[in-house]
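Colleague: What follows is the residue order along each chain.
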Amino acid sequence: MNATAARVARAPKPDLTGAAASWLVLFTLAVVASILSSDFLDKQNLLNIGRQAAPLAVVSLGQTIVILGGGIDVSVGAVMSLTTVVVSTEMNGDPAMVIPAVLLVLALGAAIGLVNGFLISRVGTDPFVTTLAAMLIISGAALVYTQGSPTNGLTPGFRQISEGEVLGIPASVFFAAGAFAFCWFILRRTVWGRTVYALGGNMRATFLSGRRTALVQAGAYVASSLFAVLAGLLLAARIGTGAVSAGTGFELESIAAALIGGTAFGGGRGRISGTIAGVLILIVLFNLVNLLGLPSQLQQIVRGAVIVLGVALYSRRAVAGS
Amino acid sequence: MSAAHRSASRSVATRVRVHRAVNRWLGPLWVWAVLVTLVVIAIYTVPEFATVDNYKNILKQAVPLALVAIGQCGVIVLGGIDLSVAAVISLGDTLSMGIMNGGSGSVLFAIVAPLGLGLLIGAANGAIVAKTAAPAFIVTLGAASIVQGVVFWYTHSAPYGAPALSFGELGFKEYGPLPALVVLFIPILALALFVQNRTRAGRHAYAVGDDDQVAARAGVDVTRVKVTTYALCGFFAALAGIAVATRTGSGEPLAGTGFDWDSIAAVVIGGAILVGGRGTIGGTMAGVLIITLIENAMTLKDVSPFWQSTVKGVIVLIAVIIAALTAKQSLGRLLHWRPMDAFRPRAAGPPAPAADGGGAA
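From first to last, the protein sequence lines are chains A and B. Take the first sequence: its letter number 296 is residue 296 in our numbering, and every next letter is one higher. Take the second sequence: its letter number 180 is residue 180 in our numbering, and every next letter is one higher.
Simulated from the structure, these hints should not be mistaken for lab results. Please read all numbers here as calculations on a predicted model, not as lab measurements. You can trust all of the hints, since none of them are fake.
Below, simulated SDA-like cross-link-like pairs (lysine to any residue); rule was C-alpha separation at most 20 Å, straight line:
#1 B:K56 <-> B:K173
#2 B:K131 <-> A:L309
#3 B:K131 <-> A:L313
With the rest of the complex left out, here is chain B:
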């Protein structure tokens, strides 16, 4: 091998590594491009949008959805779905408010109890999905009905409890230039990204989502992966409920309404497919920001809230059409490149445009 050839192939290998890393940690770049485009459009068309306070507001508003969407992303990568998150958020919100009860109860217990319960609900979902032939969305929708019933029973269908002073401030405090909620969210996101990309658990989730029988034969404990992932989804939903609680004066029995569809939409916009094996937390975060940004811009523009559901539906539809066309490789040539093409002789030039999944390797 000549020295020139060796150095060329090393630079190619570097490029491959970079492309893979970008895809794994950030998700498909076109989703981020869409986000940037939307921001630019909003800056020029929506009054009051381009202010520091509004940007902070968007980030703060995005935190609960981002938390649920991390859990939802894990479940969707498995090839499952969790529709119980909305009810679990309501549970997390009302239970933590109920325990704190305006400061007379322990704040620590008000955080730990909902999280433990969320973990349990998720684990139950996961166990049923893993052990029976029941489709995930039926199991989790049924679970949603049960949990929401419990929330109504617990709160007597009315706003319930109140935050302790230190807890309630959290929703409005700022650490440095950023809202406290956002600062607290960053290490959680970093941990989730680490688990997705750098641990055996993350790898196993993709393996199970791709083909659970093959994964089982390769020695993966499929049941354990499923139960753990659903349990984490329940945990994140409860955490999102607590995050919602920091911003309100009392626990709302229907606090979670809409978070189920929104979180799925965020994951799908982020490039995941529902059959599993594809999807990234990075892409999901772009999806969360797109949804939050559109809600924010519509509110600032005084668009009737009745339109929000329709607009979200249209966005999901566009995302799912792009995903389908990408899979068929017709649009994929424009939107994705295949890092492996870099290995081919002509790849010293710009990366060859070809279709590849937006998911992690």
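The following block holds chain A by itself, in its conformation from the complex:
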């Protein structure tokens, strides 16, 4: 008994329905896209999809952790925006300042995550409203910091983390892959990760089983903020400037990606591989709308419809059979 309890619990039998279904949808979608548009399978287009998907993938991984633990983080978009403006302002074109600037935004992200996590886990505030308030505060702070104008100052070297290519693949894809591997490890191979799943399943039971639920829950929000910072760095490198609205929409898209990928809203069930499929489904659809040359207003309508339909069709409730 004691020996098994002390060991890290093995991952439960993988529930492939959610994630596997999402990969199937992605595959079908890719086939349809390549029929509809001859440019879809073009090498340059595929690289573009990779570059576009990388920031969304990273932020969605963090979002998935929070959702698995039974929470939600709507401040990630604002954290990404803040990251782009702070990193470009502090870097100010000086290659020597790249690392200090990156460390600064990481520290900011950790602090934001800690505040969110402390309020939600210790004070017991509602996750949606708390992170919503954080979003308002952070985007206001970004406005005050920049006085509303876009900031330039990213060094060409920094931009290589998105624009550079390794073995013909955009560097940002490797960052996203690294984030995925890290997430997979902490969720599947550590006590902390198992506790996140347990929290989403039943927080009270987890607490009564002797786990430090507050610590784990707060950790999930810190992770989500840090992933949002990393996503913000990749985004800044891709668009080449810092803007207070750069991250707008990522909160919605990251949550949508997690849910389309089979993660249950309310927590407890889900796989990060499904989230990656969810991200690629969204990006491929956005890309397709682009390739078909639809007017921009129509693109926005299609984006909204895709998200509503995708989430409505693929969402699962946290409690089975309800």
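Based on the hints, put chain B in the right spot on chain A.
Modeller: Leaving out everything else, chain B in the frame of chain A:
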């Protein structure tokens, strides 16, 4: 039972009724206390604040937000949320301006068409939320993206249309001592309060928000309640769009920006919780006035508009912390009393301070 005992218990029962009525119709009193405190602070610190014209201005500015917040309050009581209201406001504004087109079109149609469309959008939101596992904020955010796209397509992303003369005057006319918009708003508010407190529909909304499965087993048609409430939220958002239109010279494709978060903030400040079952239109109105007052005071004080978002965020954060502490009963002892305590033997004295929700019974 002695006569003395009977009369004592009758006065206690009266007190209970009064407390319940206050909580239902006005919302938590501490929110109103915060509002009064803010007014007093503003009178002493903000120049030009304490003038009749400015008070009228605040009330007039508050009307569109108050309209959206009524609808949002209903949805939040259900345990849902509607993030499409901002886009629906933009739609209401631009569509009514587009139809009137400076007086060549019918004013009546310019009011009815957006309202009908708002009702439809809301009903669609409600149907998806009720029938699928999709969380409300994703459904409504997606709907926001769709509706805003339609608005951009309709207006070619530029100011569009113009008000008819009689319609445009509405934003500046006064009936008696009050701005016309405020006078027109009062019966709407009265109707909303009546529906919340005195109708089966209002009661069912609280039942569904508290626990929809229990409500369903008790015979409530949960789907119908959800679809109706979201539809009304869409309706109120469109109405708010029309109210915005009375104050401007042409339809603005982004007229609704910010109303989504502001309306949620107002409802949350008013004592509602997002899991549903708690919240009042009365408290929401206090929240609306607090937000409008702070915006007004910051503008008069020449504070950079960039700070507004941060200040609002801080207010929402404080409100949500108070709500959480109240639920844990640590702060609740100071802020709320529990009317039922009056039934206890010692309750003939002042109401016993204890925690209770700010919501309707």
